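Residue numbers (my numbering), protein chains in the order written: chain A, 1 to 248; chain B, 1 to 320.
Among these hints, one or two may not hold up.
[Claimed, not checked] No farther apart than 30 Å at their CA atoms in a straight line, the calculated lysine-lysine pairs in the BS3-like style are these:
1) K191(B) with K208(B)
2) K223(A) with K16(B)
3) K291(B) with K227(A)
4) K129(B) with K208(B)
Keep in mind that the hints were calculated from the coordinates and are not lab data.
These numbers come from a predicted model, not from an experiment.
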Amino acid sequence: MKILVCISNVPDTTSKINFVENDTKFDSNGVQYVINPYDEFALTRAMWFKEKQGASVTVISVGDASIEPTLRKALAIGADNAIRINTPATDGFTVAKELAEVIKNDTYNLILAGKESIDYNGGMVPGMIAGLLDYNFVNACVSLEIEGEKATIAREIDGGKEVLTCNLPLVIAGQKGLVEEKDLRIPNMRGIMMARKKPLTIIEPTTNDTATATTSFEKPTAKSACKLVDADNVDELINLLHNEAKVI
Amino acid sequence: MSVLVLAESSNGKFKKSSFEVTSYGKKVAEQLNTNLVVLTVNTTDNETLYKYGAEKVLNVSNEALTTFNAKTIANIVKQAVEKENVEVVILDSNANALYAAPLIAVNINAGYASNTVALPSSTTPFIVKRKAFSNKAFNNCEISTAIKVISLAKNSYGIFENEVSGTTESFTPELTSSNLTSESIEQTTGKVTIADADIVVSGGRGLKGPENWGMIEELASVLNAATACSKPVSDLGWRPHSEHVGQTGKPVASNLYIAIGISGAIQHLAGINSSKVKVVINTDAEAPFFKAADYGIIGDAFEVVPKLIEKLKKFKANNA
Ligand SMILES: Cc1cc2nc3c(=O)[nH]c(=O)nc-3n(C[C@H](O)[C@H](O)[C@H](O)COP(=O)(O)OP(=O)(O)OC[C@H]3O[C@@H](n4cnc5c(N)ncnc54)[C@H](O)[C@@H]3O)c2cc1C
Numbered sequence: 001m002k003i004l005v006c007i008s009n010v011p012d013t014t015s016k017i018n019f020v021e022n023d024t025k026f027d028s029n030g031v032q033y034v035i036n037p038y039d040e041f042a043l044t045r046a047m048w049f050k051e052k053q054g055a056s057v058t059v060i061s062v063g064d065a066s067i068e069p070t071l072r073k074a075l076a077i078g079a080d081n082a083i084r085i086n087t088p089a090t091d092g093f094t095v096a097k098e099l100a101e102v103i104k105n106d107t108y109n110l111i112l113a114g115k116e117s118i119d120y121n122g123g124m125v126p127g128m129i130a131g132l133l134d135y136n137f138v139n140a141c142v143s144l145e146i147e148g149e150k151a152t153i154a155r156e157i158d159g160g161k162e163v164l165t166c167n168l169p170l171v172i173a174g175q176k177g178l179v180e181e182k183d184l185r186i187p188n189m190r191g192i193m194m195a196r197k198k199p200l201t202i203i204e205p206t207t208n209d210t211a212t213a214t215t216s217f218e219k220p221t222a223k224s225a226c227k228l229v230d231a232d233n234v235d236e237l238i239n240l241l242h243n244e245a246k247v248i
Numbered sequence: 001m002s003v004l005v006l007a008e009s010s011n012g013k014f015k016k017s018s019f020e021v022t023s024y025g026k027k028v029a030e031q032l033n034t035n036l037v038v039l040t041v042n043t044t045d046n047e048t049l050y051k052y053g054a055e056k057v058l059n060v061s062n063e064a065l066t067t068f069n070a071k072t073i074a075n076i077v078k079q080a081v082e083k084e085n086v087e088v089v090i091l092d093s094n095a096n097a098l099y100a101a102p103l104i105a106v107n108i109n110a111g112y113a114s115n116t117v118a119l120p121s122s123t124t125p126f127i128v129k130r131k132a133f134s135n136k137a138f139n140n141c142e143i144s145t146a147i148k149v150i151s152l153a154k155n156s157y158g159i160f161e162n163e164v165s166g167t168t169e170s171f172t173p174e175l176t177s178s179n180l181t182s183e184s185i186e187q188t189t190g191k192v193t194i195a196d197a198d199i200v201v202s203g204g205r206g207l208k209g210p211e212n213w214g215m216i217e218e219l220a221s222v223l224n225a226a227t228a229c230s231k232p233v234s235d236l237g238w239r240p241h242s243e244h245v246g247q248t249g250k251p252v253a254s255n256l257y258i259a260i261g262i263s264g265a266i267q268h269l270a271g272i273n274s275s276k277v278k279v280v281i282n283t284d285a286e287a288p289f290f291k292a293a294d295y296g297i298i299g300d301a302f303e304v305v306p307k308l309i310e311k312l313k314k315f316k317a318n319n320a
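For reference, chain B alone in the conformation it holds in the complex:
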């Protein structure tokens, strides 16, 4: 028996989430008294995973896998599960993992729990805690099938070093054909994405118009943060839809979320509840965001934000 982690990479380099799922997978393997196998695709720095507890890396190297295909990946995972006699499959919560997970679950007839936030509280029965009700609650979910699939919510466990002496094995699974063709991929270039960012700076209708986003972008750039917005802002076309966070938009699970001129409606908070530290800047002391935030400034964004940028620049210079 073993635990299998699927480690995602982009252009051959592991995503940060891969270190988190590997750290988590190692602990689950320890709980089950078994070993951790990590499945990688087209990566060369596989040894980095030993640091987080990967005893064995199964590396698939194939040009045909340069473009992600969920069905193909699900079939590869199935073959890895059979080869390594896997009892738990662990994925991250990036777009590709969430795409492949249900296909994997069906392939290996496994119960699937997404949005997992902690180690299993018990392994027999197998119970994991997961986010539900759009981050307003958790449920403890028992998976009763022989093999289990879980996807770990971003930033919910953390990255922990647990150096082992690992080995890397090349793995050549049979590739199934898919009649779903990828025609093009459009990537927003150069900017930190909301999904990857440790810090997110977000603006709401309180900023009055798109012409005022310069200071939001500048603040984000000082903090190496991604920019985001509330729903009306993207509905009004001030910002692209890809920046809309909340219940009907993107979820944010950053370490720091700074909300500027955002009221904190329940649908907005649903998307950002799992951010660790929340800061609000709002003129209205009664804005509901103050109930959800850790730190707050009651004040006008047009006065506070430029000051904050200036002071942060100094802070960064002193702490570089």
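With the rest of the complex left out, here is chain A:
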């Protein structure tokens, strides 16, 4: 089985979010970049298939040279090789088109991605890849088993889950459940040493048309201070929620 894991390079969850150039650009100053948390679940599941059922695992990301440490980290976790498509990832549709192009030229059986990236939260790349290639697609995937050509997948629905089956090829947008959080891998020394020798191929983009663009960023307006209510006076809280906030 040939597995491709799509990796998004995102600011670490604790990063301060600031903008520069008149609020038109994200301020990456001092920001630590990591593998998108949802993609980590996908990568770990891919490693599981590799170790338990035999598979080759390629990781891929769209971005300039600055994303390479994140790809190296994925290699250190155990991916066999990495591909970087050399163009900034600004529009989800364009990213999906670039990824679909690679997949089309080098048939993968299974494409794993995270359900969204924690920077732009677009939630579109995996579905768009599937749409472009007419592959099966399952969103918000919380479990995945593969036997031969057949995949059994669970996806999260509002207030429950749905189990689906299909044949490969398949695109998955994963989240927690795909693997448990305690099973997520961190690179060890040996992995880091080996990652240096693994191939990282750079390919040039095939399209430059975009569907969306950010014109500016905004931060939420500063909220007023929390109103404190005395612990012995819960009536006051009820009063505030009823009369002031009007939520009960």
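Assemble the complex: chain A is given as a structure, and chain B with the ligand must be docked to it using the hints.
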């Protein structure tokens, strides 16, 4: 040209979010000087949508659509878009809509903006404001394709009446087959889900153990709320994973979020930022949640919550 809204239903009844996307769609149609068409599947009370501005309802009725299939829906939307000469497609942010949206976008070669929180600030160019950075910021997103797809974040616009005299037309699109088979659906029965709830009562590690969740459930039941928890609580197995909210868990966009014994770590807040009113109950006055909350009680959950339940019961009885 027209605006198309996909109105979700379950067992033939519209979800509340359908009224919100219809209200929103009507305004977008007004901005574009055009009419609003709402696409519905296996619903009978289509006239209710006129109240929120649906001038035309396209109703698809077919047994084969009882179980949701994203690819099939995306193909139906494509046919509706062609039939009605649609320029903007609007969906809600329920699990099924988020599943179908990227497939729809590809089908009709449309730019897609999810998590939209407001009406377009401009229609030429077409710019919408959307949530980004896990609710820590917004971006104004320009969609440059001829047709646009947006999904509206829950509770971000509101439900507004805008009565029109609408018509309902039955629509029989061609159904494409899908080789993805739904084997089973497991629904947590009887309880309000986090996605649908107007009020969410959430407990953290401060509750010490699963045996103490009785009061959380009771408070939720008094308020007709859904229950939720912080990540360590679900990691420890005190509560099911489906209740874990936050950056790596479920997002909450309720009107009221009550956090009990939750510190308010940045990853937790990322999931609940878009709730309108936040209440915190915590023993530690320094807990970061107090910076994010609108109302707070510095106190022990084991004393405050039972009192709150008792007083709320009285309040409900008096205000019934
Ligand atoms: C990559 C990453 C992703 C994460 N994603 C999430 C996420 O999605 N959701 C999430 O919740 N967390 C997430 N976390 C974890 C997060 O950082 C915090 O560890 C977590 O939110 C803390 O949960 P807590 O507030 O329940 O527990 P604690 O931090 O242990 O806080 C318990 C609180 O309860 C209070 N307390 C104690 N006793 C009482 C009492 N008797 N009455 C009232 N209050 C009391 C304490 O003062 C304290 O503030 C993530 C972390 C990482 C690194």
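Handout entry: Agreement of K191(B) and K208(B) with the hint, judged by alpha carbon distance not exceeding 30 Å
Key = With a Cα-Cα distance of about 24 Å, the restraint between K191(B) and K208(B) holds, given a limit of 30 Å.
Practice task
Compare the distance between the alpha carbons of K129(B) and K208(B) with 30 Å, and conclude whether the hinted pair is satisfied.
Solution key: Given pair K129(B), K208(B) is violated - Cα atoms ~40 Å apart, limit 30 Å.
Practice task
Verify the proposed pairing of K223(A) with K16(B), using a straight-line Cα cut of 30 Å.
Solution key: Holds, because 28 Å separates the two Cα atoms, which is no more than 30 Å.
Handout entry: Agreement of K291(B) and K227(A) with the hint, judged by alpha carbon distance not exceeding 30 Å
Key = It holds: about 10 Å lies between the C-alpha atoms, which stays within 30 Å.
Hint check: a violation occurs at hint 4 only; the rest are consistent with the structure.
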